[in-house]
Every structure is written in C-alpha cells, then in structure tokens.
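Student: Could you build all of it, start to finish, from the sequences and the hints given here?
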Amino acid sequence: MNMFRNLPFQSNSDVISLLVKLQTVPDRQPEQVESGRRLFLEQAEVYRVEIARLDKRRQGYKRVNSFTRLKDFQYIRLFSTIMIILLISMVGASLTLAASQSSLPGQAFYPLKLWSEDLRLNLSYYSPASYLLALDFSDQRMREIEAITKSGGVPPDAVLVRLENQSDLAIAAALRLEQRQAIMAMQAIHNRIQSQNQVLEQLEQEFQVQPQVEQTLSRTREMLQLRLRQVEMYLEEPSLFLQPLPQVSAQVSPGSLLLQRSEVVPKGTPVPGNLPGTAGFPAGCISCTPGGTLSPSTLAPGSIRSTPAGSQPAQTTAGNQPNQPGSPSTGENQPGSPPEAPGNQPDKPERPGPGGYRKR
Amino acid sequence: MTSEKDLLRKAHSFDPDALAEIYDSYSPGIYRYAFRLLGEQDLAEECLAETLSRFLLALKNNGGPREHLQAYLYRIAHNYITDQYRRKEQWEHELTEAHPDLEQDMRASLNSRIDENKLRHALSCLTPDQRQVVVLKFIEGMDNRAIARSIGKPISAVKSLQHRALAALRRMLKNELEEE
Numbered sequence: 176m177n178m179f180r181n182l183p184f185q186s187n188s189d190v191i192s193l194l195v196k197l198q199t200v201p202d203r204q205p206e207q208v209e210s211g212r213r214l215f216l217e218q219a220e221v222y223r224v225e226i227a228r229l230d231k232r233r234q235g236y237k238r239v240n241s242f243t244r245l246k247d248f249q250y251i252r253l254f255s256t257i258m259i260i261l262l263i264s265m266v267g268a269s270l271t272l273a274a275s276q277s278s279l280p281g282q283a284f285y286p287l288k289l290w291s292e293d294l295r296l297n298l299s300y301y302s303p304a305s306y307l308l309a310l311d312f313s314d315q316r317m318r319e320i321e322a323i324t325k326s327g328g329v330p331p332d333a334v335l336v337r338l339e340n341q342s343d344l345a346i347a348a349a350l351r352l353e354q355r356q357a358i359m360a361m362q363a364i365h366n367r368i369q370s371q372n373q374v375l376e377q378l379e380q381e382f383q384v385q386p387q388v389e390q391t392l393s394r395t396r397e398m399l400q401l402r403l404r405q406v407e408m409y410l411e412e413p414s415l416f417l418q419p420l421p422q423v424s425a426q427v428s429p430g431s432l433l434l435q436r437s438e439v440v441p442k443g444t445p446v447p448g449n450l451p452g453t454a455g456f457p458a459g460c461i462s463c464t465p466g467g468t469l470s471p472s473t474l475a476p477g478s479i480r481s482t483p484a485g486s487q488p489a490q491t492t493a494g495n496q497p498n499q500p501g502s503p504s505t506g507e508n509q510p511g512s513p514p515e516a517p518g519n520q521p522d523k524p525e526r527p528g529p530g531g532y533r534k535r
Numbered sequence: 592m593t594s595e596k597d598l599l600r601k602a603h604s605f606d607p608d609a610l611a612e613i614y615d616s617y618s619p620g621i622y623r624y625a626f627r628l629l630g631e632q633d634l635a636e637e638c639l640a641e642t643l644s645r646f647l648l649a650l651k652n653n654g655g656p657r658e659h660l661q662a663y664l665y666r667i668a669h670n671y672i673t674d675q676y677r678r679k680e681q682w683e684h685e686l687t688e689a690h691p692d693l694e695q696d697m698r699a700s701l702n703s704r705i706d707e708n709k710l711r712h713a714l715s716c717l718t719p720d721q722r723q724v725v726v727l728k729f730i731e732g733m734d735n736r737a738i739a740r741s742i743g744k745p746i747s748a749v750k751s752l753q754h755r756a757l758a759a760l761r762r763m764l765k766n767e768l769e770e771e
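Chains as they are written, first to last, in my numbering: chain E, 176 to 535; chain H, 592 to 771.
One thing to keep in mind: the hints can contain errors.
[What the hints assert, rightly or not] Here are some chain H residues the structure puts well away from chain E; computed CB gaps all over 10 Å:
| hint | residue |
| --- | --- |
| 1 | G654 |
| 2 | H659 |
| 3 | R678 |
[Said to hold, decoys possible] Taking lysine-lysine and the BS3-like style, the derived pairs with C-alpha atoms no more than 25 Å apart in a straight line are:
| hint | chain 1 | residue 1 | chain 2 | residue 2 |
| --- | --- | --- | --- | --- |
| 4 | H | K750 | E | K196 |
| 5 | H | K744 | H | K596 |
| 6 | H | K596 | H | K651 |
| 7 | H | K765 | E | K196 |
| 8 | E | K231 | H | K601 |
| 9 | H | K750 | H | K765 |
| 10 | H | K601 | H | K651 |
| 11 | E | K231 | H | K651 |
Don't read these hints as lab results, they were simulated from the structure. We treat Cβ as the ideally placed atom computed from N, Cα and C, and that holds for glycine.
Tutor: Structure representation (structure tokens):
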C-alpha cells in the first residue's frame, strides 16, 4: 500500500504517475509467441481455402445462372411472341368466322361459312348427334334460299346442291345409329324436312316469283319430298335397312345432283303404297315391287338425283317415274348419262369403316 | 515494409506473408494492452488470440478495416476486456486471499501487485470509453489523434473523456486510501 499512501491524490498527476506504473509488462514467452503466430496463420489458411472454394462455386453459379437466365429470357420471348401471334390469329379467325355465319351466297365470307360447316361435319362424323348438325346446316340453306327469293334473286345451284347433300348426310348419320336411336333421329329428320317443305310451299304461294325461281323451288321441293319418302319408308319398316349403306360424301360438287337426271326411284325400288302419290303399288305393301325386291341401297342417301338445271322438274311422284334407259339402279353415274359439268364427279366413298355399314 | 493499406489489401486476400507481418507488428502492443488491463499473462494471451481471431473472421466475411488497423485491433481487444471485467467482478481480491503466508521479501512484490490490481479495479469501474482513453493515453502512450481514431470519436471528445476519467480515478483511489 506504499504506492497509495505516498500519494495525496490532490491532482490528476498523482493518478497519472500511478497509471505509468502499469506500463511495466513482463515479456511474452517465446514459445507462446511462436504458438500464437502459428495458430493465427493456420486459422488464416483455413479461411483462405474456404473463401477460395466459395469464390469458385460462386463464379460457377454466376456463370451458369447468367447463361441460364439469358437462355430462359430468349425462350420466354420467343414463346411469348408465338403465343401472341397465335392469339391474334385465333381471335381474328374467330371474329371472321362469326361474321361469316350471316353471309349469303355471293358474298365475300360465304365460302368461309361453307368451309366451317364442312369442317364441323367432318369433325362430328362419328358423333351420334351429327345428323342434327347436318339438319341445322340444311336449315341454314333453307334460310339462304328464302332470303335470296324474298330479295328477288335466284337461288344458285350450289345452295340447292348443298341442301340436298346435307339432307342426305343427316339421313346417313341417322342410319349409322342403333335402331332405336335411328328411329328417333329419322322422326326428327322427317319433321325438319316437312318444315322445310312447308317453307318452300309458302314461298311459292306468297311471292310471285320468276319462272326460273319457281322452277328451282319446285326442284328443291321435289328433292325434299323424295327424302321425306325415304324417311317414311324407314319408319314403316326399319328392319329392311340391314345391308351395307353407300357412303355419302360431305363434299358434293355443285351441279352433280342437278345436271344428271337419273331415276328418282330406280326400277325395283319399293314405294310405300300408303304414301300420297304412290299409286301403282298395293296399299300396305312396302316391300313388294313389280321388278324385284327391296334394295336398301336404292333408298340410301345419295342414290337420288334431281333433274339438271334448266330441265323440267319431275311433276309426278318419284316412285312413278319410268326408268330411263341406261340409268343405273343404284343411282350412280354410268356411261350414257348426260354429260357432266366441269367438276361434276360421281360420288365416291370417302369414309370406309363403321359409317358405311349398319351392323346389328 | 509495406504500407498499412497495402498490408490490409493483402490481408483481405489472406496473403500469409501479410498476415504474418500483421501479427509480428501488432500482437506485442495488443498483448501489452491486454496485460495492463487484465493483469495476467494467460488472460492477455487469450485476449490477443481472440482479438486476432475476430480480425480474421471479419476478413473472411469481407469486412474488417481498410485502414487504421491498430485502432481496429485495440477496439476489439478493448471490447473483449470489457466483457472480461463484467464476468470477473471480484478478481482483484482473489490474489490477496490466495497468498496469506508469503515471506517478507516477496511481500513487497505482492503488495505492488495488489496495488496494481486495485488500480485495475478502479479502471474497470470507469465507463468503457473513459477506460480506453486513459489506458491508450497514459499507459500505451498514444496521442489524442490516434485515440480518437481508435474509439471513433473526435479529439475534443477524447479530451473530455480523459478529464472525466482522471477525476473519477482520483476520487476512487482517494476513497480507497481513506478506507485503509
């Protein structure tokens, strides 16, 4: 306690003189210095290795990551561009298609409308409700005929051909169904064709149409009545339609049905006696024929041909028409038939397989 | 000898030569500083090792000083010593009780150690900034500018801290003397 006793601690210098005494520090042991230095440098080396490894990994990650990001960005940009183009195309196509649905023959979008109908018919070929689609399209044709007639024009042959073809497609689609469903479908087709027929009758009665238009309408009515008769025959005796049915093409060239006047009902084709305008056959006998037995192929859609454009339409019922020489019993084009217009091709089976045959 | 900035730049890349130079240059001062405040060689060695280890860790984490390495190391050591003071409140009395029967010739030396420990105890009662200023100024012999860099305060604050620290020490040591 000497140190404390000797100092009065009256000023800071007393304290400082005491603090100076703390400056005396014993020397470090050399081995401790060496040991501390070695440990310090070893720790530094460990950290250096760790940092080098981390730097290497970080650089690799940066390189890969930047490359991946660049590639991703390029892919995303390309994908986005493609998607935008597709989207714009789809929206544009949809709008055009929607606008084309109200178009009439001769207008710019009308071919697009027909194309879309054909596409839908082809896509729904195996669908049980494809007959309904075909009927809807035939209704569309009727509306077109009605609109053109009311506006004082002459319905083009192409419209009539499509109407005929779509009616045939509806019947063919109904025949592909099971019997119970087919009967219901035939009833629906019958009703629809009847309505169409009534529309035509009304048109003829209400409007004083030109002779050319009247001729066209009559021909159309005749065609519809033939389909009506076919359907009625089926409804009378569905079991007769057991044999393979000919194919009906969705693409019937315009004029193919109008330029060739074959027999509406070929020789040997039975006509129900209870139908109006079917005189010459015993009443109630739908299968007995003067010339042979009932052939479903003669009743099938597509086997019926109308008169060519400009010729006289059939005034009597189709079943009472005499056979013309050289005309085939199946209704297909044969040598000796009137010359065909360009693009007039005989109907060819387009779809093999289940659609052409009725299996029970 | 490379400049301090070059030395630190190399130290950041863990250059062994630079780190060895740092150890050789700064470890004696840190050791002395620690010993003067802690009063024991083992504690001073521990303080030195901890200070340099924290320095390396800061370098590894891309931290550490870009200049004024000495001030940085003293700050680390000072924080460590402050922690030690908080942990050992009665350390200065243990020595007195541990050696009751020493011979007369050793008693003088022991009394001197006891006085030093009392002084260290008085130092430990100062605030950390006051203690650091007093030690750096009157024990380590640093000027006010270097102290200001070391504690991160202006020179005027260093002077003020120094004045208040001396006054506090004087008061505490006087009380100690009166109690005896």
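Student: It remains to establish, for every hint, whether it holds in the given structure.
Tutor: Comparing the hints with the structure gives:
no.	hint	result
1	G654	12 Å, holds
2	H659	20 Å, holds
3	R678	21 Å, holds
4	H/K750 with E/K196	22 Å, holds
5	H/K744 with H/K596	21 Å, holds
6	H/K596 with H/K651	17 Å, holds
7	H/K765 with E/K196	17 Å, holds
8	E/K231 with H/K601	19 Å, holds
9	H/K750 with H/K765	23 Å, holds
10	H/K601 with H/K651	13 Å, holds
11	E/K231 with H/K651	15 Å, holds
Against the hints set out earlier in the document, no violation occurs for any number.
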